[in-house]
Each structure stands twice: as C-alpha cells, then as structure tokens.
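Fit chain B to the known structure of chain A by using the hints.
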Amino acid sequence: MKEEISIGLKLKLAREEKDLSQEEVVKRLAEKNLNMSRETLSKIENDKRTVSAMELNALCKILDIDINSLFEEYEENDLVTLFRRTNFSQETLEEVEKLQDMIKAFISQKRIYEGKFKPKKRKPLWEECLD
Amino acid sequence: MRKKDLNLPEEPFRLEVKELAETVRTIYARKGLSDIFDILSEAALLIRKPLVTDELSGFTTYIDEEFIVFLNSRFTLGHERFTGAHELYHLTYNADILKRETIIPDDEKYKSEDEKANIFAAELLMPEDYVKEVFYKIVNVDKDSVLPRHIIRMHNFFKVSYKAMLKRLIQLDLCSLDRYDELVEICARGNEELLKSLTRQEGYDIDLIVPSKVTYVPREYIEFIRTNYERGNISYKNMKNCLEFIGFSPKTFGYQEPLEEEFLE
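So the protein lines, in turn, are chains A and B. Counting from 1, one number per residue, gives the positions in the first sequence under this note's numbering. Counting from 1, one number per residue, gives the positions in the second sequence under this note's numbering.
With the rest of the complex left out, here is chain A:
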C-alpha cells in the first residue's frame, strides 16, 4: 500500500518545516543567481508547474534536503503510522521510528551482501519533472 506524495508537496512541507516563507525562498534562490517569482514557486508547490533539474537542485540546497528523498514513496504501512493508531505515546513512536530505521538498515546490509541490492529504477530527472 503505497501512496505517492508529489514533489511539489514535499518541497512545500520542507519549506514549512524550515519555517521559511515563499518570499524568503525566492530571495535565497536569487542569491544563487536563479530568478524565480513567488508565484512560480507557489505553482511548483501546488503541482501546477514542472520544476527543472537546476531549480530542484537549488531548492534542495536551500531547504537542506536530500534530492533522493523527493523521489521516495511515502509508505502507508510505515510502522510509526501503524503504531500511531494504537495510541502509543510520542516517546514510544519515536522509538519505533528508530527501530524501523534500524530494521531497514539491517535488511539493506543483507541485500548488499547477497548482491541483491539494486537501486530503484527511475526515469531520467527531466522526465520526472515533466510528469
């Protein structure tokens, strides 16, 4: 059960997490010699305009996020989401999150060891941006 979250929404969530306004982001883009209007950024965040690879790279640097994370799928069967339904405390949920990271790390090590690890097939970046 996987649910896609658009790149635009992920960028918006990352910006809000950093407590940055759209104006502040476009100002910082300008400092990196990339001109973008606030309206354009708003369109990107609302999936009404595609984002170029160059813009994406600059936005990721400003928002301090890993570009790969934008292409990861949100998993509805995430353990934290599932345990949240059982009304565990925030402290326990944080521990479950750490455990999940640990479990995934160990499974990855097994896959790498067995030579079964294959990076997820992705479309070229420009093609993803056109989707």
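No lab work stands behind these hints: they were computed from the structure. Not one of these hints is a red herring.
Here are the simulated lysine-lysine pairs, BS3-like style, with alpha carbons at most 30 Å apart:
{"#": "1", "chain 1": "B", "residue 1": "K99", "chain 2": "A", "residue 2": "K98"}
{"#": "2", "chain 1": "B", "residue 1": "K240", "chain 2": "A", "residue 2": "K110"}
{"#": "3", "chain 1": "B", "residue 1": "K237", "chain 2": "A", "residue 2": "K10"}
{"#": "4", "chain 1": "B", "residue 1": "K99", "chain 2": "A", "residue 2": "K104"}
{"#": "5", "chain 1": "A", "residue 1": "K18", "chain 2": "A", "residue 2": "K98"}
{"#": "6", "chain 1": "B", "residue 1": "K111", "chain 2": "A", "residue 2": "K104"}
{"#": "7", "chain 1": "A", "residue 1": "K12", "chain 2": "A", "residue 2": "K27"}
{"#": "8", "chain 1": "B", "residue 1": "K240", "chain 2": "A", "residue 2": "K61"}
{"#": "9", "chain 1": "B", "residue 1": "K237", "chain 2": "A", "residue 2": "K110"}
{"#": "10", "chain 1": "A", "residue 1": "K98", "chain 2": "B", "residue 2": "K240"}
{"#": "11", "chain 1": "B", "residue 1": "K111", "chain 2": "A", "residue 2": "K98"}
{"#": "12", "chain 1": "B", "residue 1": "K31", "chain 2": "A", "residue 2": "K104"}
{"#": "13", "chain 1": "B", "residue 1": "K31", "chain 2": "A", "residue 2": "K110"}
{"#": "14", "chain 1": "B", "residue 1": "K99", "chain 2": "A", "residue 2": "K10"}
{"#": "15", "chain 1": "A", "residue 1": "K104", "chain 2": "B", "residue 2": "K237"}
{"#": "16", "chain 1": "B", "residue 1": "K251", "chain 2": "A", "residue 2": "K110"}
{"#": "17", "chain 1": "B", "residue 1": "K213", "chain 2": "A", "residue 2": "K110"}
{"#": "18", "chain 1": "B", "residue 1": "K237", "chain 2": "A", "residue 2": "K18"}
{"#": "19", "chain 1": "B", "residue 1": "K237", "chain 2": "A", "residue 2": "K98"}
{"#": "20", "chain 1": "A", "residue 1": "K104", "chain 2": "B", "residue 2": "K240"}
{"#": "21", "chain 1": "A", "residue 1": "K104", "chain 2": "B", "residue 2": "K251"}
{"#": "22", "chain 1": "A", "residue 1": "K98", "chain 2": "B", "residue 2": "K213"}
{"#": "23", "chain 1": "B", "residue 1": "K99", "chain 2": "B", "residue 2": "K18"}
A quick note: this is a predicted structure, and the numbers were derived from the prediction, not measured.
The following block gives chain B in isolation, referenced to the frame of chain A:
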C-alpha cells in the same frame, strides 16, 4: 475468584491451541532448536533491544519481504521470553495477515489471534505433561499447599516469569485457585526485592526476574555489515551507523576512520 478472572481460556480452546504449539515445537526440535530466542532467530530477523518506554513488549512485522520480531529487553527476561513465544505464534500462523497489514492490527477483528498467541506461548514454554512431571519431581505438594518457593522452583525450571508459572499451575489444577491472591502478591510491583531474596534463597540467580537489557541481532547481520564494508560496498559512515544501532563501534572490529573516503551511498 474464578479461572476466567485470570484470563484463562476454556479447555476446548486451550487444547486446540495446544496442538498448534506442539506442532511448532516438533518442527524446531527436528532442527535441534528448543530455546525460544534460538527458534525466533531461525524463523525471522530477531532484534532484542531495551526501549526507553515500557508501552511495548514486542511486535512482529513484515518489511521489505522479511519477517522481523522485535522484543523489548527492558522487561524482565521471563516476560521477554513469553513475549517471544507470543510473537512466534503470529509469525507462524499469521504470516498472511502480516504480509497484508505489516503488523497485527490492534483491533477487534484480530483480538482472537492475540488470545491464541497468549495460549500458544504458555503451551510452548510450559508443556502440560512436562509441567506435571516436573511439579511432582521438584515440588510434589497438595494443590492447597503451594508456596511462593514452589512457584520459584517451577518458573526457574521453565524459564518463564513467576506470574506466568503461577497461572499455568492453576490452569493445570496443580495449584488451587484459592491460593492465587496470596501467591501473586510476591511478584506484585513493590515486592521485587522480596522475590529476589526468595529466589536467591532457593539457590537460583535472578536473571529471569530482572530486565536483561540485552541488545541483540543475529551474528550473521554483523558479518554482513563487516563484509560489505571490507568489500568497499558501503562507506565507513554507513558501517558505523549500523554498528552503533547495536551498541558496537567500528573500533570494536579494529576499523579506523579513514582520512578521506569516497562517498559511496
């Protein structure tokens, strides 16, 4: 007090689950495995780790096509072993649910599976015939004369908690239900020191009644990390992070931090 107040199942239901436990015991006995942690390590990726909280005894999950059993070693070893046997039920008989739902959801629909898992755990760790045999061998008193020291002998023999053993003896009619209130008091919160003292008096160590706080993953997973690093398939940072999850540092295995490293992740 009635047996039902102790959450003990009706006999036909217990006997039905007893058969499931016997099947599982036989399967693993053929491989020479009898300890619950060894069985879980064979059947899944077993992780034991103390959590900061005690809201969660353990769980079984299915992630990236792997079954994982997690046990919170913040609980006493006796409790942890029972949780392990409980999870073995889910692992063995609820694989379909786990594949579909990732964990056994805590809702009405699956409540009976949780009940079965508890009965299964008691049947697996404290087999009926053997409990009776051992009781007559090392206790051998009338069911109205059972004392805390008798429960201590029995629970140390079967490596379960004091309370689980007491309930099992009542279930099998080796201990009178009328004795429950008095006997259970020994393992009540606040009486830990008394139980420890009685345990030592009986000549046992207190491992089962204190948390092990063990951090464990199967040894093969440590080897995966080391080999992946030594083959240059993962970075120093990645290797360090994985080892730190289980309380090791790269230095434990003689690895020095490289001055410069190509970013491999």
